[in-house]
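Peer 1: Residue numbers (this note's numbering), protein chains in the order written: chain A, 1 to 258; chain B, 1 to 336.
Don't take every hint at face value.
Derived CB-CB ranges, DEER-like [as the list claims (entries may be wrong)]: (1) B/Leu-170 - A/Lys-118: 35 to 43 Å; (2) A/Glu-137 - B/Thr-216: 30 to 38 Å; (3) A/Lys-118 - B/Gly-272: 28 to 36 Å; (4) B/Ile-112 - A/Arg-141: 37 to 45 Å; (5) B/Arg-233 - A/Lys-118: 17 to 25 Å.
Now the stretches of chain B that chain A is said to cover, found in silico as 3 or more residues with beta-carbon under 8 Å [unchecked claim]: (6) 220-229; (7) 232-242.
Since the hints were made in silico from the structure, they are not lab data. Glycine residues also receive a C-beta, built at the ideal position from the N, C-alpha and C atoms.
If you want the building blocks of each chain, they are given just below.
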Amino acid sequence: MAKRIDVSDLDIFYGNFKAVEGVSMSIEPRAVTAFIGPSGCGKSTVLRTLNRMHEVIPGGRVEGKVLLDGQDLYAKDVDPVGVRRTVGMVFQRPNPFPTMTIRDNVAAGLKLNGVKNKARLDEVVEKSLKGANLWNEVKDRLDKPGAGLSGGQQQRLCIARAIAVEPQVLLMDEPCSALDPISTLAIEDLINDLKERYTIVIVTHNMQQAARVSDQTAFFNLKATGQPGKLVEIDSTSRIFNNPSEKATEDYISGRFG
Amino acid sequence: MQSVTGVSIADETAGPHGQSPLAGDGAGTGRLGDRLFGGAAIGAGAIVVGLVTLIGVFLLSQAIPSLMKNEANFLTSTEWSVGGEHPRFGILRLLWVTVLSSLMALAIAVPIGIAVALFITNYAPKWLSKPAASTVDLLAAVPSIIFGLWGLRVLGPHTDGIQNFLRDNLGWFPLFKETTVGSSTTIFLAGIVLAIMILPIITALSREVFAQTPPTHKEGALALGATKWEMIRTAVLPFGKPGVISAAMLGLGRALGETVAVMILISSLAQGTAFSFSLFDGGETFASKIALGAGEFDTPQKTGAYIAAGLVLFILTFIVNAIARIVIERRKAFTE
Ligand SMILES: Nc1ncnc2c1ncn2[C@@H]1O[C@H](COP(=O)(O)OP(=O)(O)OP(=O)(O)O)[C@@H](O)[C@H]1O
Ligand SMILES: [Mg+2]
Chain A
1 MAKRIDVSDL DIFYGNFKAV EGVSMSIEPR AVTAFIGPSG CGKSTVLRTL NRMHEVIPGG
61 RVEGKVLLDG QDLYAKDVDP VGVRRTVGMV FQRPNPFPTM TIRDNVAAGL KLNGVKNKAR
121 LDEVVEKSLK GANLWNEVKD RLDKPGAGLS GGQQQRLCIA RAIAVEPQVL LMDEPCSALD
181 PISTLAIEDL INDLKERYTI VIVTHNMQQA ARVSDQTAFF NLKATGQPGK LVEIDSTSRI
241 FNNPSEKATE DYISGRFG
Chain B
1 MQSVTGVSIA DETAGPHGQS PLAGDGAGTG RLGDRLFGGA AIGAGAIVVG LVTLIGVFLL
61 SQAIPSLMKN EANFLTSTEW SVGGEHPRFG ILRLLWVTVL SSLMALAIAV PIGIAVALFI
121 TNYAPKWLSK PAASTVDLLA AVPSIIFGLW GLRVLGPHTD GIQNFLRDNL GWFPLFKETT
181 VGSSTTIFLA GIVLAIMILP IITALSREVF AQTPPTHKEG ALALGATKWE MIRTAVLPFG
241 KPGVISAAML GLGRALGETV AVMILISSLA QGTAFSFSLF DGGETFASKI ALGAGEFDTP
301 QKTGAYIAAG LVLFILTFIV NAIARIVIER RKAFTE
């Protein structure tokens, strides 16, 4: 049930500050799209507009269009809560609910959806934890607090929590930046599996990671601090890394950048 | 080092291993200033501990002779005649009125306090949240005597309707039974006024913990498709729960000890009135009984009886505060 995303002429504001300007791009379904670019260029900001999490920040506001399989996410009659159930998100720092058990963490989204049936919840918990490659590590301690897991396990728990509600798109903001190389590889493998079913967008500062996991790469840049960030180009990952059309992209990728 | 770290109470609780965080750093290397300050801290600590001990010993020494002479059971009697050769006094009624009025205050103030705190931290627009918070805080600055007068003259008559309604319709339930008190000046009224009096502290502390909810937890819930209220239920309330519990305990401590307002608000009962569980009864709390009895402190025997009642109140508030402390400590361990 993966869906494509079309962004057109998107401007994003924090209060009066225009953080990102004029983004237009297409994000393919059943593929991984990576956002790369220097710090502060607006990768996280753009990502958060794709599930209407941007407006959670006071003063956060958007102009332009984001279409999910043709439906405008920002149309008047669209409920942001519904959007977030369709477009899941994994954050930079693992954020399991600390007072909940591992099981309850994974089931949290379903419970919000009103699922009460115990057997069904257990089934989804198992399936999601398997999907997040965590089942074998936690199956004997599902009733222990989620906060007791290692950082990498917590992040996979958060992924399990996100996929438990079967979203159509999965957004990940630097999901591996707080993790060691082994956990990082585990999550990259997971992303590879997940893209069979989901549209995945991942923000990363790690060029090798972008090259390893993504099919498509978008490079963002900003002229100077205080200026809005812009999308420089988006293309297949192999083109961006081997033969980009813009000089700025080449400079950034080859490390010849500021 | 020894001069600062070994002894003072503050240092003992500072670090995870009962040591000041800088203790191993050679932070207090026996310089004159360190030694002076260390000495002063020990001295102050010793004075406080000594004073508390002395007060305790004094109170006990006053209370014990009267308790020995008491011809009624101190814990289960509802009588209160402390003079003469055959004193008969007990705290059952005081204990009941104290606990009942305070618990009623808590039952009203906690939900309202939580709601106001949630409103201020999560719902109110920016320009409103600060003034709203300050307004509630201002309530804490109103003297008890004003609450008492206001409760008696203004609020009391307005509660007649509901008191009568409960009495007439739910009178079969012991808490709502008909009593000898004909006016609105009952435990019920005191409970409402006490609720208003403890609302500020409960609101302020709850507000504080709710505001500290890590944004990542809130975003985690929102990103799962939680509505605002669901976000509060999955992220804010669980995080704030220990804080709210300790806020409630502190409020309870205040309600248990409140004197003047309660004294004004609850009708006294004639000697010999039968004990009842009803909210619509009169009576005294520990604190208001002692204040009302001030005229009787003319012999050590009478004074001792009141002091014994005061000691029970002290133990009660001590227990409540200890529970609050324990909960707060637990929470610390939890957030680290
Ligand atoms: N909550 C906020 N309020 C105001 N401005 C913000 C907020 N969050 C981000 N910004 C601004 O928006 C711009 C883009 O920030 P963003 O976090 O999207 O960058 P990023 O590309 O994700 O950077 P990084 O790689 O460091 O995560 C920056 O100028 C930043 O200062
Ligand atoms: Mg970012």
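Peer 1: Evaluate each hint against the coordinates.
Peer 2: Hint check:
no., hint, verdict
1, B/Leu-170 - A/Lys-118: 35 to 43 Å, "holds (38 Å)"
2, A/Glu-137 - B/Thr-216: 30 to 38 Å, "violated (23 Å)"
3, A/Lys-118 - B/Gly-272: 28 to 36 Å, "violated (59 Å)"
4, B/Ile-112 - A/Arg-141: 37 to 45 Å, "holds (40 Å)"
5, B/Arg-233 - A/Lys-118: 17 to 25 Å, "holds (20 Å)"
6, 220-229, "holds (count 8)"
7, 232-242, "holds (count 5)"
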